[in-house]
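Student: Chains as they are written, first to last, in our numbering: chain A, 1 to 272; chain B, 273 to 528.
Just so you know, the hints here were simulated from the structure itself, not pulled from any lab data. Each hint should be verified, as a subset may be incorrect.
In silico SDA-like links for lysine to any residue, alpha-carbon gap of 25 angstroms or less [what the hints assert, rightly or not]:
id, chain 1, residue 1, chain 2, residue 2
1, B, Lys340, A, Lys79
2, B, Lys340, A, Pro183
3, A, Lys79, A, Ile90
4, B, Lys340, A, Gln178
5, B, Lys325, A, Gly172
6, B, Lys325, A, Arg171
7, B, Lys340, A, Arg175
On the chain B side, residues computed to face chain A include the following (Cβ under 8 angstroms) [claimed, not checked]:
id, residue
8, Tyr284
9, Asn343
10, Pro367
11, Val418
The structure displayed is predicted, hence computed values, not measured ones. Ideal Cβ positions, reconstructed from N, Cα and C, are used throughout, including at glycine.
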Amino acid sequence: MPDNQAGGATPGAEVEVPFRASGFAPTRVPFVAGATFAAVLALWWISTKAGWVSEFALPRPDEVLSSFVEIASNGTLVKHLGASLQRLLIGWTLGALVGCAVGFGVGLSSLARSSALPLVSAIFPIPKIALLPLFILWLGIGEISKVATIAFGVFSPMVIATFGGVDSVDRGLIRMAQSFGVPYWTIVRRIVLPGAMPAILSGTRISASIAIILLTAAEMIGAQYGIGAMVLASGNLMQTDHLIAGVLVLSAMGFAVSQIIGMFERRLLRWR
Amino acid sequence: MDLIARSITHSYGGMVVLDDVSLTVRSGEIVAILGPSGCGKSTFLRILGGLEKPRGGRVFTQGEPPAKTLNPLTYVFQDFALIPWMSVEQNVMLPLEHHPMADAERRARVASALQRVNLTEFAAVYPRQLSGGMKQRASIARALAVEPAILLMDEPLSALDAQTRDLLMDDLIRLWNETRFTAVYVTHNLAEAVRLGHRVVVLSRRPGRIRDIVEIDLPHDQRAESSPDVIRAREILWSLIREEAITADREISDAG
Ligand SMILES: Nc1ncnc2c1ncn2[C@@H]1O[C@H](COP(=O)(O)OP(=O)(O)O)[C@@H](O)[C@H]1O
Ligand SMILES: [Mg+2]
Numbered sequence: 001m002p003d004n005q006a007g008g009a010t011p012g013a014e015v016e017v018p019f020r021a022s023g024f025a026p027t028r029v030p031f032v033a034g035a036t037f038a039a040v041l042a043l044w045w046i047s048t049k050a051g052w053v054s055e056f057a058l059p060r061p062d063e064v065l066s067s068f069v070e071i072a073s074n075g076t077l078v079k080h081l082g083a084s085l086q087r088l089l090i091g092w093t094l095g096a097l098v099g100c101a102v103g104f105g106v107g108l109s110s111l112a113r114s115s116a117l118p119l120v121s122a123i124f125p126i127p128k129i130a131l132l133p134l135f136i137l138w139l140g141i142g143e144i145s146k147v148a149t150i151a152f153g154v155f156s157p158m159v160i161a162t163f164g165g166v167d168s169v170d171r172g173l174i175r176m177a178q179s180f181g182v183p184y185w186t187i188v189r190r191i192v193l194p195g196a197m198p199a200i201l202s203g204t205r206i207s208a209s210i211a212i213i214l215l216t217a218a219e220m221i222g223a224q225y226g227i228g229a230m231v232l233a234s235g236n237l238m239q240t241d242h243l244i245a246g247v248l249v250l251s252a253m254g255f256a257v258s259q260i261i262g263m264f265e266r267r268l269l270r271w272r
Numbered sequence: 273m274d275l276i277a278r279s280i281t282h283s284y285g286g287m288v289v290l291d292d293v294s295l296t297v298r299s300g301e302i303v304a305i306l307g308p309s310g311c312g313k314s315t316f317l318r319i320l321g322g323l324e325k326p327r328g329g330r331v332f333t334q335g336e337p338p339a340k341t342l343n344p345l346t347y348v349f350q351d352f353a354l355i356p357w358m359s360v361e362q363n364v365m366l367p368l369e370h371h372p373m374a375d376a377e378r379r380a381r382v383a384s385a386l387q388r389v390n391l392t393e394f395a396a397v398y399p400r401q402l403s404g405g406m407k408q409r410a411s412i413a414r415a416l417a418v419e420p421a422i423l424l425m426d427e428p429l430s431a432l433d434a435q436t437r438d439l440l441m442d443d444l445i446r447l448w449n450e451t452r453f454t455a456v457y458v459t460h461n462l463a464e465a466v467r468l469g470h471r472v473v474v475l476s477r478r479p480g481r482i483r484d485i486v487e488i489d490l491p492h493d494q495r496a497e498s499s500p501d502v503i504r505a506r507e508i509l510w511s512l513i514r515e516e517a518i519t520a521d522r523e524i525s526d527a528g
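In isolation and in its complexed conformation, chain A is listed as follows (with noise of 0.2 angstroms):
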């Protein structure tokens, strides 16, 4: 070989290299999810049918079912959830939308982020729960306590999250719209309010869940209606058949405003 020449064969037999990269890549596997759900029931069905758990602590997946059916067709679901959602719905609504505005105020002023955000921080960490009873005094058993504890709970994680979106709005964007004159409500509203959407949306979700547990507990302490009352009703009655029928129902409620909330987010954050 000549020496100007670089490279050439070199003696010895080839050995493949091997691939190193699998793994921490999950995905999702089809139906895997639903054969999941359908071990779960069938253990269940299996374990209170042959006596291993005792009647009385679980019931039968069917009569769970059928408690269901009977509350859905009677009205009494009807009853309950409608007042539980009525709940939720004004609740979460207000706390949402006082606590989005303080979030802008808190993110944009200096002002209000002196005053208000020592204030929320301070706030935050109370289990809002503990107000309820507060709220009674207040302002009587009836809805306007229960709807209060609700509110108040999603309005500081609400507050935080909108602060923490629009603090971390891209500060270059600002100043290009800045420099082209844009004034600063439109700023505000075209690139401020999108740009802090992601973290609006986030806090929604966290904050529902939230909502939904407070709901939950304020039912449980003092309400005729609700699927909080019918769960804790049926616990002293000892209907497990419908405390479960209950509890599945409080399941598929967040599982559809988190749904809701997912199509939204699909919906507002396209451009990502």
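Fit chain B with the ligands to the given chain A structure using the hints.
Tutor: Same frame as chain A, but now just chain B with the ligands:
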């Protein structure tokens, strides 16, 4: 419209970034500002367009901007600053929205700006779908749509690969020959400065001072790489920035 900077001095904390920089940009000329990274070029440009208040000195404009001008001092940013949730068209439209004019004129301005940078067919596309070069062309279209009197360009090609940079440089030259805009073109790249600038202002490393101003009195189409005038200008500029570049490089690596 002319742009006049008088004795601009600026510092961040205790660190002096610009020291007594004075410069007049005449209507219709491209002034390239050449200096090593970190010498205060971006700061100077922000001060020129009123995005930052200098510690000392003042900036003036002289003369009326053209009648169609909506935003006399208009930036083109290194990182494009396109709004990710707006289509190319909406991005170009944004600076027009608050100006009172007929909807048809607004749309006509956007269409003509997009056409001048050859982005017409990408009007409805989101920025993330564009290549780097197309992003910068979109941002140039946004600047053209307001018919600026003076363009302030901060390393507009630095985020792009070499081939794209050449193509966009050709675009800029073509655009200048069409409209003879006034521009301040900040760069750390000697070749870009020589290619585009009518005058090249050489800044020293931090604190930025004007070391020299080199005039390149040649039409853009006569600036072939091999032309003796271009070679001479390059040599003069290189001798001015060589030592600075070496020292600046060492300084940054020392700082970690
Ligand atoms: N907002 C700022 N706050 C503090 N220091 C800054 C700021 N902007 C720039 N600097 C510093 O000022 C110096 C000049 O920055 P810049 O004008 O961006 O330089 P260039 O554009 O020439 O690379 C750098 O050392 C940089 O770190
Ligand atoms: Mg810079």
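Student: Next, verify each hint and record whether it holds.
Tutor: Here is how each hint holds up against the structure:
For the proposed pair lysine 340 (chain B) and lysine 79 (chain A), the alpha carbon gap of about 66 angstroms is over 25 angstroms, so the pair is violated. Restraint check for lysine 340 (chain B) and proline 183 (chain A): satisfied, since their Cα atoms lie roughly 20 angstroms apart, inside the 25 angstroms limit. For the hint linking lysine 79 (chain A) to isoleucine 90 (chain A), the alpha-carbon distance of about 17 angstroms falls within 25 angstroms, and the restraint holds. Simply put, lysine 340 (chain B) and glutamine 178 (chain A) have alpha-carbon atoms about 20 angstroms apart, close enough for the 25 angstroms limit, and the pair holds.
Our distance criterion of 25 angstroms between C-alpha atoms is met by lysine 325 (chain B) and glycine 172 (chain A), whose separation comes to about 17 angstroms. Taking the CA atoms of lysine 325 (chain B) and arginine 171 (chain A), the gap is near 17 angstroms; set against the 25 angstroms cutoff, the hint holds. At roughly 23 angstroms between alpha-carbon atoms, lysine 340 (chain B) and arginine 175 (chain A) fall within 25 angstroms of each other, so this suggested pair holds. Proximity of tyrosine 284 (chain B) to chain A is violated relative to the hint, the smallest CB-CB distance being about 16 angstroms (cut-off 8 angstroms).
With 8 angstroms as the threshold, the beta carbon of asparagine 343 (chain B) comes within range of chain A, its nearest partner Cβ sitting at about 5 angstroms, so the hint holds. Interface hint at proline 367 (chain B): satisfied, since its Cβ lies 4 angstroms from the closest Cβ of chain A, which is below the 8 angstroms cut-off. Taken as an interface hint, valine 418 (chain B) checks out: its beta carbon lies about 7 angstroms from the nearest beta carbon of chain A, inside 8 angstroms.
Checked against the numbered hints above, the structure breaks hints 1 and 8 and satisfies the rest.
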